[in-house]
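With the hints as extra help, turn the sequences into a complete structure.
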Amino acid sequence: MSTADPAEPALSEFVARRPSATAPVAPRSRICRARPRRVTRSGLAAAVAVVAVLAAVAVSSPVAAQSGDDRSDEVRIVARRLADARLEFGLQQRDAGDSWGERMLPTQRFFPADAAVDRWLRSSPLTVRVAASGDEDAVDVAVRIVARKVADGRVEFGLRKVQSDGTLSGTLLPRSRFFPTDAAVGRWLQSTPVSVTTTRPASAAPTTPTAPEPAPEPAARYTGVAAGYAHACAIGSEGSVVCWGDNSAGQASPPPGRFSAVTAGAWYSCALRTDGAIACWGESDAVAETPTSGQFEAVAAGSSHACAVRTGQTLTCWGNNDDGQADAPGGQFAAVGGGNFHSCALSTGGTITCWGTDPHGIFGQLDAPSGQFTTLSVGNAHSCALQADGTAACWGSNDTGETDLPSAQFSAVAAGASHTCAIRTSGTIACTGWNSDGQADPPAGQFSAVAAGGRLSCGLGTDSGIRCWGLDVAGPWGGQFTAIDAGDAHLCGLGADGTVSCAGAAGLFGQSEVPEGRFIAVAAGDRHSCGVRADGSIACWGSTAYGLLNAPTGEFNTIAAGGWHTCALRSNGTATCWGSGRYGELSPPPGAFSALAVGWWHVCGLRSDASIACWGSNSEAQTAAPEGNFQAIAAGRSHSCALRSDGTVTCWGSNRYGQTDAPSGEFTDITVNDWHSCALRTDGTVTCWGNNPDEDFGQADAPEDRFTAVTAGRGFTCGLHEDGTARCWGRSPWTAIPSGAEFASGRPA
Amino acid sequence: MTAASEVALEDLRHGTILAARAAGASWADVASALGIATDEAQKVYTRVAWRRLDAAANLNLDVSDAEANDLAVRVISEERLGLPLP
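Heads up: the sequence lines are chains A and B, in that order. Per my numbering, the first sequence starts with residue 1, numbered consecutively. Per my numbering, the second sequence starts with residue 1, numbered consecutively.
Don't read these hints as lab results, they were simulated from the structure. Possibly wrong hints are sitting among the right ones.
[Stated by the list, open to error] Examples of chain B residues toward chain A, derived with CB under 10 Å: (1) 28; (2) 33; (3) 36; (4) 39.
Yeah, the Cβ is synthetic: ideal placement off N, Cα and C, and Gly gets one too.
Below, the structure written as structure tokens:
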């Protein structure tokens with residue numbers, strides 16, 4: 001029996017709440033003078049429109065293809081509210097046609113009304129039969145439905161595969177997956193489909209029903225950390241490097257690969273690959289002259305030169321050698337460090353040797369102490385080492401007290417530009433020296449590693465998390481999100497619990513400083529951000545220019561932020577805009593909309609009848625929207641793109657860099673920036689087109705990951721993985737979005 | 001106080017800091033003379049130095065990124081110490 005029921009409503013509004021954004025920005029960096037741009041993306045709003053759009057998306061929505069998977073079948077989660085307030089849930093599998101099979105109800109299938117917020121519970125297993133391909137047999141795949149209550153009372157559903165060893169896979173999250181609080185008792189609601197994939201026969205489902213229990217927590221995160229002048233990098237638990245902070249020279253844009261160690265210079269970074277090779281990035285002579293051959297055991301970045309220990313324990317240095325700091329001595333060494341005008345190394349016998357120059361003959365940074373040491377760290381003009389008993393010895397400049405470590409036993413020491421931090425054997429950190437930004441004011445807590453840079457310091461906690469202090473570059477941004485939106489130099493994410501967090505643009509206009517509270521939508525603009533709170537009111541933060549923060553009162557459900565203005569949709573679908581209205585951006589036409597996209601000087605809206613209306617500047621025909629039926633829309637600097645109901649993309653407006661030359665194919669999401677555009681294919685991959693070659697930071701070079709959404713910022717683009725983690729590529733020219741080839745929002749993939 | 005006057009006063013403090021440092025005063029001495037904490041004196045130095053470096057770099061568009069970075073390292077560290085550039 002089949003239960004195809006087109007009238008059966010979808011599970012709430014999830015995809016509909018994705019916001020839009022755009023962003024221009026004045027040049028900020030002294031090095032990168034790229035011009036501003038913006039992005040936008042669509043969301044949904046009115047319930048009727050939501051259903052229409054979701055229906056279109058559902059045909060080709062989240063494909064959870066994983067590496068090596070070769071067969072898949074679509075399922076959807078169904079749920080209903082019972083009279084006693086519990087939720088009953090089950091699964092439906094798509095039949096050979098387009099209809100849906102019978103509801104499969106697991107033994108454990110009741111979600112308690114009094115479940116704790118954010119606590120994942122799971123059902124007993126169900127078996128999904130994945131269709132055969134060619135002459136292969138069909139394969140049974142065991143799955144569990146997982147669910148948790150979110151802060152606003154809704155219940156979020158997902159699906160996890162039972163793997164051959166009995167463990168659970170990552171969570172497959174349907175686009176529409178939130179069970180509303182006001183659903184009628186007894187009425188079954190459905191999620192959007194997800195694909196269940198497999199490459200090999202799956203394990204049989206356990207036959208013993210299990211009680212609901214918490215899903216496992218994500219794994220530990222980091223194994224190493226390094227700090228430069230105003231940026232920092234860390235090694236993820238799986239060997240990838242992520243960086244954050246100042247990215248004006250590309251120092252926070254690490255290459256892909258697996259690494260065992262990372263080090264940071266003033267405006268560059270280096271890391272040791274697991275195969276023994278060295279990779280450096282950023283701007284420095286040390287980057288340009290990075291050794292391209294050889295095997296290494298350690299690498300250390302100085303201000304503008306770097307040194308490394310080869311596998312045979314010999315030294316090599318490269319980069320700036322104006323002061324002899326790259327004239328590595330012969331001998332056998334276990335560790336090395338680079339300063340400003342000098343370097344020091346720890347021999348395999350435990351003695352220390354320094355070379356280079358003391359430019360004014362007053363610091364004594366070359367006067368290494370005698371004795372036996374186990375650890376060495378080199379700062380700009382001072383160095384510190386630890387003896388086997390944990391006592392520290394520092395030498396060189398003490399101009400700001402950087403060598404005045406307190407009397408204690410230490411397990412690690414880090415000499416920064418002009419300050420020093422060390423970990424006591426108790427696990428706490430002590431710092432001394434230059435404290436212009438609070439880099440010598442460590443937080444309380446237990447740490448296993450420490451890094452001292454120029455204006456910041458970072459520590460690796462015993463919980464494998466990273467904490468930084470000093471210059472406000474925060475730490476590696478992370479989390480699991482239901483939506484992300486990129487602004488000019490920052491990125492905001494909406495968590496499943498309704499919290500919003502933003503990263504990037506630290507110290508600029510406060511656009512990443514999110515107020516407390518729960519939200520249902522967020523939009524990142526140029527110098528500001530806005531969100532719709534759970535009660536429908538709007539909160540904005542960041543620049544006060546042009547009244548950007550003067551949001552209207554009332555109840556809203558969708559918001560989109562641009563360079564100098566913001567628009568939102570009231571619950572009846574009418575649009576309201578505020579901010580700068582120089583070109584008529586604040587004058588939306590009457591009528592109901594289901595989504596908005598805010599560009600630099602124009603706005604486009606998706607009407608409830610699936611047509612498009614644009615207003616504001618039409619300098620390059622960016623408001624000359626084509627006719628037809630659409631499901632999503634994006635507005636940029638002077639062009640716009642939209643996703644037709646059949647999944648094809650069409651663009652209009654400026655085509656200076658090919659940004660309106662949309663590729664063929666079927667897509668599920670669209671985003672544009674000032675010079676580039678990106679869309680999400682039905683297989684989850686991202687395709688980008690157009691780009692200004694003078695501002696090419698790799699923002700149009702999408703990785704091969706599978707995403708469920710994509711958003712473009714200035715110089716970078718980010719995708720949202722099925723599991724809620726984000727990955728960004730390209731780079732933000734200043735105060736970067738944390739970046740890394742494997743960056744996956746707080747949990748390196 | 002206007003933003004312009006705040007910048008002018010910060011520049012004044014910065015000049016005083018550099019002169020005192022060039023004469024051999026410690027950071028603690030400088031802070032004491034200015035009636036501010038050592039951290040605050042260092043913040044004044046950092047803010048002004050970087051504002052000036054930004055302004056200078058924006059006027060010298062031909063300098064390479066690597067040159068700009070090396071220059072920044074050298075200028076900042078030497079200026080802070082009140083030392084003549086090598």
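Cross-check of the supplied hints:
1. 28: Residue 28 (chain B) check passes; min Cβ-Cβ to chain A is 9 Å, inside 10 Å.
2. 33: It is violated, given that the least Cβ distance between residue 33 (chain B) and chain A is near 16 Å, above 10 Å.
3. 36: 12 Å, violated
4. 39: Check passed: Cβ of residue 39 (chain B) comes within 5 Å of chain A, closer than 10 Å.
Hints 2, 3 from the earlier list are contradicted by this structure; the remaining hints agree with it.
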